[in-house]
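Peer 1: Top to bottom, those sequences are chains A and B.
With the first letter of the first sequence counted as 1, position 15 gets the number 15 in the working numbering; the numbers rise by one all the way through.
Counting from 1 along the second sequence, just add 1000 to a position and that's the residue number in the working numbering.
It should be emphasised that the hints constitute simulated quantities derived from the structure, not laboratory data.
The model shown is predicted, which means the values in this text are computed figures rather than measured ones.
C-beta atoms are modelled at their ideal positions from N, C-alpha and C, and glycine is treated no differently.
Please note that a few of the clues may not be correct.
In silico contact screen, one side only, chain A against chain B (beta carbon under 8 Å); selected entries [said to hold, decoys possible]:
{"id": "1", "residue": "G49"}
{"id": "2", "residue": "M200"}
{"id": "3", "residue": "A204"}
Residue strings, one per chain:
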Amino acid sequence: MSTLDGPTVSTAAPARALVARNLRRVVRLPSAFFPALLMPVFQAIAFSGAFAAAIHLAGIRNSLDWFVPLAALQGAGFGAMSIGFATIIDIQSGFLDRLRMAPMPRRALVAGPLAAAVLRAVFPVVLVTAVGLIGGMNVPGGWLGLAVLGVAALGVGFVAAGWGLGLAYRMRSMAAAPLMQFAIFTAIFLSASQMPLALMSGWAKPIARVNPVTNILRMARQGFLGRVTWAHTWPGLLALTGLGLVTTLWARRGLSSVDRI
Amino acid sequence: MIRETLAFARRSLIGRLRQPESLAPSFVFPLFFAALGVSSFGKAATRLPGFPADSYLAFSAAGAVIQGVLFGATAAASDLATDIEGGFWERMVASPVTRSSIVVGRLASSFVVGAVQAAVFLAVFMAFGVRVHGGIGGFVGVVVGGGLIGLAVAGLFAGFAIRSGSSEAVQGAFPLVFVLLFLSSAFFPRQYMSGWYRHVADVNPTSHVVEGLRQFVTRPLGTQQFATAWGIPAGVAVVSIGFALRSLHRRLAAP
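Excised from the complex, chain A in its bound form (with noise of 0.2 Å):
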């Protein structure tokens, strides 16, 4: 029986494969894998304590309870972004090429990829987690407002790891990594990510409105400043799907796009 006659790989098997091999270089490379680990940490850190002053006129009486949520889901973006980098080093090293030749199906080159970065995505949103409940954060959310924000982070990092892996198929450099990293900074930025809408003004605050990242932010947000409740969750739950199937999307359609070289 030659190869093409052999039996039907199905796309859990090399998507499987393909996260561990992801997971594996967290190990080898740690270099790569740590700042996106602790700048979240020490983004928390640094804004909760700069901008305490302008949060509590929010009447947010602890600053960690406002910017930890941002740094978990900043952290999971960038961490899962970082699948974007390790693709164009696959890509320019030739390793790609020899994937797309093994007999599987293409669809477990998105669904390996992504599965990974959202499991490294967790790394960030556990430290810094834990790095604001030590620090005296509050959780009136109790666990589901934990879990609130688990599922809010790690829904950006899909979205990140998605954005990044449709950029490195299509650009195939490392000329990619600054648009990668471009996108998901001013998403989060343009949001209420510093400030409540209510106290924002000028040109960003139109823009914030209208951001479905906000959305996403207050779901992520609720458990730490109050109960979790479905009207401030199933905003940042359609934010985020919409998003997921678009950037999902576009990564499949990128990796066409190397097909078609």
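Given chain A, work out where chain B should sit, using these hints.
Peer 2: What follows is chain B alone, placed relative to chain A:
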């Protein structure tokens, strides 16, 4: 030696102008952050009693200057490391010039770039309505202060670049700049900070330099501004240039 230093400074300036992609982030990001800060904290600033400026826009001018100059000076040191990696450094060292002029020339260009950045930033802020209470003297104070900060930081990072010979190592030291910047009063007044964060900001020299620069904009001219905005970076520059030159001699003496 002066002629050689000027020639190297000129070369470094031309080199940086030819790479707008490496210079652009040090202009774009500070202005973006300032614009975002005005939109985010502008309203809050008007409600905080005793806010030390007419507006958050005026307050953030000094933060933008120091941020841009720090980013730019790091990029300059990274270029020096690239020269070492690419072998051009060896050709310069082998040429009949005073060796310290190779480093001093590059540092002089960092002073010029820092001063130009400060002037451009302040001009942009003035175009958006910021009034410099220190007048022309205040404007000059910020510009020279920007140049001195550029010189001080470039000296430090040039030392790293010469010792390591790796642009990656220089970039790796960049988080230090980030930490110094964020654990200071560059983005919000110290008087509203509390706890350990306030203590760190109090002892962080970046806080005092940025406050000196800020006072050129927000207050009439006085000696205090010069002491902090010029004196501290000038002192650090003496030490960091010494460090860079020592690193140069160490590298040249290495077998």
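Peer 1: Next, verify each hint and record whether it holds.
Peer 2: Do the hints match the structure? See the list:
Because the beta carbon of G49 of chain A sits about 3 Å from the nearest beta carbon in chain B, less than 8 Å, this interface hint is met. For M200 of chain A, the interface hint holds, since its Cβ comes within 8 Å of a Cβ in chain B; the closest pair sits about 6 Å apart. Taken as an interface hint, A204 of chain A checks out: its beta carbon lies about 4 Å from the nearest beta carbon of chain B, inside 8 Å.
In summary, this structure violates none of the numbered hints.
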